[in-house]
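As they're listed, the protein sequences go chains A and B.
Be aware that the first sequence starts at 1, since it is given in my numbering, and climbs by one per residue.
Be aware that the second sequence starts at 1, since it is given in my numbering, and climbs by one per residue.
Some hints here could point you the wrong way.
Below are the DSBU-like pairs computed for lysine-lysine, each with C-alpha atoms no more than 35 Å apart in a straight line [claimed, not checked]: (1) A:Lys22 with A:Lys9; (2) B:Lys42 with A:Lys52; (3) B:Lys103 with A:Lys36; (4) B:Lys68 with A:Lys22; (5) A:Lys67 with B:Lys58.
Derived by calculation from the structure, the hints in this document are not laboratory data.
Keep in mind it's a predicted model, so treat the numbers as computed, not measured.
Okay, here's what each chain looks like letter by letter:
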Amino acid sequence: DTAVSQTPKYLVTQMGNDKSIKCEQNLGHDTMYWYKQDSKKFLKIMFSYNNKELIINETVPNRFSPKSPDKAHLNLHINSLELGDSAVYFCASSHHPGTGGAEQYFGPGTRLTVT
Amino acid sequence: GENVEQHPSTLSVQEGDSAVIKCTYSDSASNYFPWYKQELGKRPQLIIDIRSNVGEKKDQRIAVTLNKTAKHFSLHITETQPEDSAVYFCAASRGNNRLAFGKGNQVVVIP
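Working from the sequences, and respecting the hints, build out all of it.
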């Protein structure tokens, strides 16, 4: 009965490699997000999708490419990994916030370590 | 864009005492203010939220107050317990997809 799940939980890889993180939610939400949490715990939005449509694309290097095959999935592909990409990546989902805001449900996170 | 400042960065309280975390925001159009709790190694989870048409909201030992004029909102935790030890994030939004988070506040409850 997991609400928002991510795989893998841990990812250790070398600089220059390409990797993907998968996210799935079974809450029936139509909005999904990717956040990056750095070593200082700062949570920063990277991307947001409404009904598979990209709504937010923050100033993220274009090495990061999200893909939403359907409303329940939002994957994150990272090319040419760099040391600075090391962080915890959280997927989240919510009902469409409309104009009133909506609770975001976070996945367990993927700890990415680039060596 | 929205800028959310959170103070203090670390707060230690004796078990049973109250804890207060304050946040300020910059965008007067923000109308949704959630608080998330993140325990060590876990995911952030919503504990309480408030919308701009309300000045205060309570849920058991947790309360949030909002001052729209001064553009600040606060989280109050009463009768703190060891399980309240965590990082607390405030956030602000215009009610759309974009949530701007504060940098987090580490609360340590000393038994």
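- prompt: Of the hints given before, which are not true for this structure?
  reply: 4 and 5
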